[in-house]
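If you read the first sequence in our numbering, its first letter stands for residue 5, the second for the next number, and so on.
Honestly, I wouldn't trust all of these hints.
Label-pair distances were calculated between CB atoms; the ranges are [claimed, not checked]:
(1) Lys187 x Lys121: 51 to 61 Å
(2) Phe49 x Tyr185: 38 to 48 Å
(3) Ala251 x Val181: 48 to 58 Å
(4) Glu374 x Phe410: 21 to 31 Å
(5) Arg155 x Glu360: 15 to 25 Å
(6) Gly334 x Arg155: 34 to 44 Å
(7) Phe410 x Asp318: 34 to 44 Å
(8) Lys339 x Phe49: 57 to 67 Å
(9) Ser78 x Asp318: 42 to 52 Å
(10) Arg101 x Pro9: 19 to 29 Å
(11) Asp318 x Glu360: 30 to 40 Å
(12) Leu27 x Val181: 56 to 66 Å
(13) Arg299 x Ala59: 53 to 63 Å
(14) Lys339 x Lys121: 44 to 54 Å
Result set (DSSO-like, lysine-lysine): computed pairs, CA atoms no more than 27 Å apart in a straight line [unchecked claim]:
(15) Lys160 x Lys183
(16) Lys66 x Lys172
(17) Lys339 x Lys415
(18) Lys213 x Lys276
(19) Lys66 x Lys121
(20) Lys247 x Lys213
(21) Lys220 x Lys203
(22) Lys220 x Lys247
(23) Lys377 x Lys415
(24) Lys66 x Lys221
The hints are simulated quantities; they were obtained by calculation from the structure and are not laboratory data. No residue lacks a Cβ here, since even glycine has one placed at the ideal position from N, Cα and C.
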Amino acid sequence: MLKKPPGIEDVFPDRITKWNHILNTAADVFSMFNYREIIIPVIEFTEVFARGIGADTDIVSKEMFTFEDRGGRSLTLRPEGTASVVRAYVENGEYNRLSACKFFYRGQMFRAERPQKGRLRQFNQFGAEMFGSGDSYYDYEVILMMDLISRKLNIKDYTLLINSIGCKECREDYIQVLKAYYKPLLGSMCKDCNNRFDKNPLRLLDCKKESCAEPKKDAPDITGYICDNCSNHHYRVMDYLQKSGVAYTEDPRLVRGLDYYTKTTFEFVTDKLGGQNAFAAGGRYDNLVELFGGRATPAVGFASGIERLFLLMDEEAGETGIDYFLIHSGSESLKVITALIPKIISFNLSIDIDPEKTGFKAQFKKANRENAKHALIIGDNEIESGKFIVKDMITGEQKIYDLDKFDHYLKSQIKN
RNA sequence: GUGACUGUAGUUCAAUGGUAGAGCCCUGGAUUGUGGUUCCAGUUGUUGCGGGUUCGAAUCCCGUCAGUCACCCCA
């Protein structure tokens with residue numbers, strides 16, 4: 005039997021209703037805030053991610069599906085959306101002249117990690133990005149959108165964590181302070197943290213190991229070290245959130261694994277995803293557009309994992325069934341009833357039929373299984389008498405009509 | 001990449017080293033043209049794969065593949 009590669013899922017029809025509900029809810033909220041959809045490629049030149057996300061990040065250094073095209077150029081299946089949207093924005097000369105240019109996207113992402121609960125190699129995200137304004141309002145706006153989406157999806161018991169990791173300048177100052185603090189403690193800390201010390205000192209704050217808990221406890225918080233500009237921005241965002249009733253928790257230890265963030269970072273977390281905890285995350289990235297060769301353009305955005313939202317949502321009621329299951333008694337009646345199908349469909353009514361079964365019992369069984377609202381019966385007896393029968397599959401009630409008034413019957417159904 | 005656990009019917013799971021089973025699903029039947037509930041009957045297997053131990057392996061051992069969960073990290 006042929007199998008799918010590890011960490012890749014098929015989404016069968018029984019999950020599609022819930023799946024589309026997530027996608028539609030997100031798209032609705034985005035459009036309420038004037039974010040418009042952009043369809044970005046699944047494949048980019050590897051450079052887009054290497055430069056955008058950061059060559060030293062885990063995503064780029066060990067989690068990308070990368071291959072060469074026939075010309076020997078390195079291509080990569082996108083591991084996230086932001087880098088592609090930025091590339092598209094910079095590359096397009098029309099959109100990058102707009103202020104507060106808003107996009108949203110949705111689609112598959114790929115990361116070559118070991119699959120586990122809430123983590124797949126091919127997974128789906130939706131996300132929103134705003135380009136062209138450094139105003140704290142927009143940080144608030146994207147957070148508000150994700151909060152609204154979470155509420156509309158009826159997700160319970162989540163926490164919004166928020167932090168500011170400062171701008172390029174003040175973050176550097178803080179990193180020096182942090183390294184000075186940690187340096188004498190490195191001996192008692194884990195191997196990973198010793199690596200982080202040089203590669204990405206901010207992540208020292210993120211270690212969950214017991215050996216590092218003690219030194220971490222008294223580490224200086226970034227909040228006291230960021231510049232006035234960043235600090236004001238940070239408090240402004242929190243003020244907006246508070247005044248509009250969006251609950252949040254300030255977490256000065258929240259750092260993110262992607263290099264491009266500046267100032268605001270945030271995560272929507274829950275303890276119901278096993279080893280994972282975030283179902284949405286994002287932040288501001290004021291330097292990324294410039295890094296991609298565009299004019300200096302501040303930006304902010306976020307992304308959310310659809311499979312993770314799916315796991316957090318309650319089971320939804322099953323799909324709604326078809327309108328009519330057509331029941332026949334073999335060859336001749338099958339001809340008659342088949343000829344009516346285009347007519348029924350033209351009234352926007354959905355149908356199904358089993359041409360191979362001729363027994364009524366089996367056909368009714370199938371009608372029931374397909375959740376049909378009605379059964380339309382035209383068998384040999386009906387053809388002989390010029391009638392057709394409609395059975396209401398919920399009440400069990402059955403009515404007989406004249407076959408030459410079939411159109412009239414359909415019209416009367418539409419009015420209901 | 002590292003680790004732990006699990007692989008038996010379509011599915012969920014049984015089976016002291018001794019003839020591979022049950023529920024659900026599916027198919028058929030219970031006044032032959034009427035579903036759901038009920039009752040009866042029936043189909044379904046290279047026990048993931050390959051070796052080894054044994055008179056005998058689903059069961060024990062080794063390898064391999066797959067899945068799940070966790071770590072790292074992330075949505």
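A quick look at each hint next to the structure:
no.: 1; hint: Lys187 x Lys121: 51 to 61 Å; result: 37 Å, violated
no.: 2; hint: Phe49 x Tyr185: 38 to 48 Å; result: 40 Å, holds
no.: 3; hint: Ala251 x Val181: 48 to 58 Å; result: 31 Å, violated
no.: 4; hint: Glu374 x Phe410: 21 to 31 Å; result: 22 Å, holds
no.: 5; hint: Arg155 x Glu360: 15 to 25 Å; result: 48 Å, violated
no.: 6; hint: Gly334 x Arg155: 34 to 44 Å; result: 54 Å, violated
no.: 7; hint: Phe410 x Asp318: 34 to 44 Å; result: 42 Å, holds
no.: 8; hint: Lys339 x Phe49: 57 to 67 Å; result: 58 Å, holds
no.: 9; hint: Ser78 x Asp318: 42 to 52 Å; result: 43 Å, holds
no.: 10; hint: Arg101 x Pro9: 19 to 29 Å; result: 42 Å, violated
no.: 11; hint: Asp318 x Glu360: 30 to 40 Å; result: 38 Å, holds
no.: 12; hint: Leu27 x Val181: 56 to 66 Å; result: 44 Å, violated
no.: 13; hint: Arg299 x Ala59: 53 to 63 Å; result: 24 Å, violated
no.: 14; hint: Lys339 x Lys121: 44 to 54 Å; result: 53 Å, holds
no.: 15; hint: Lys160 x Lys183; result: 38 Å, violated
no.: 16; hint: Lys66 x Lys172; result: 26 Å, holds
no.: 17; hint: Lys339 x Lys415; result: 23 Å, holds
no.: 18; hint: Lys213 x Lys276; result: 21 Å, holds
no.: 19; hint: Lys66 x Lys121; result: 20 Å, holds
no.: 20; hint: Lys247 x Lys213; result: 37 Å, violated
no.: 21; hint: Lys220 x Lys203; result: 18 Å, holds
no.: 22; hint: Lys220 x Lys247; result: 33 Å, violated
no.: 23; hint: Lys377 x Lys415; result: 17 Å, holds
no.: 24; hint: Lys66 x Lys221; result: 30 Å, violated
When the structure is compared with the earlier hints, violations turn up for hints 1, 3, 5, 6, 10, 12, 13, 15, 20, 22 and 24 and for no others.
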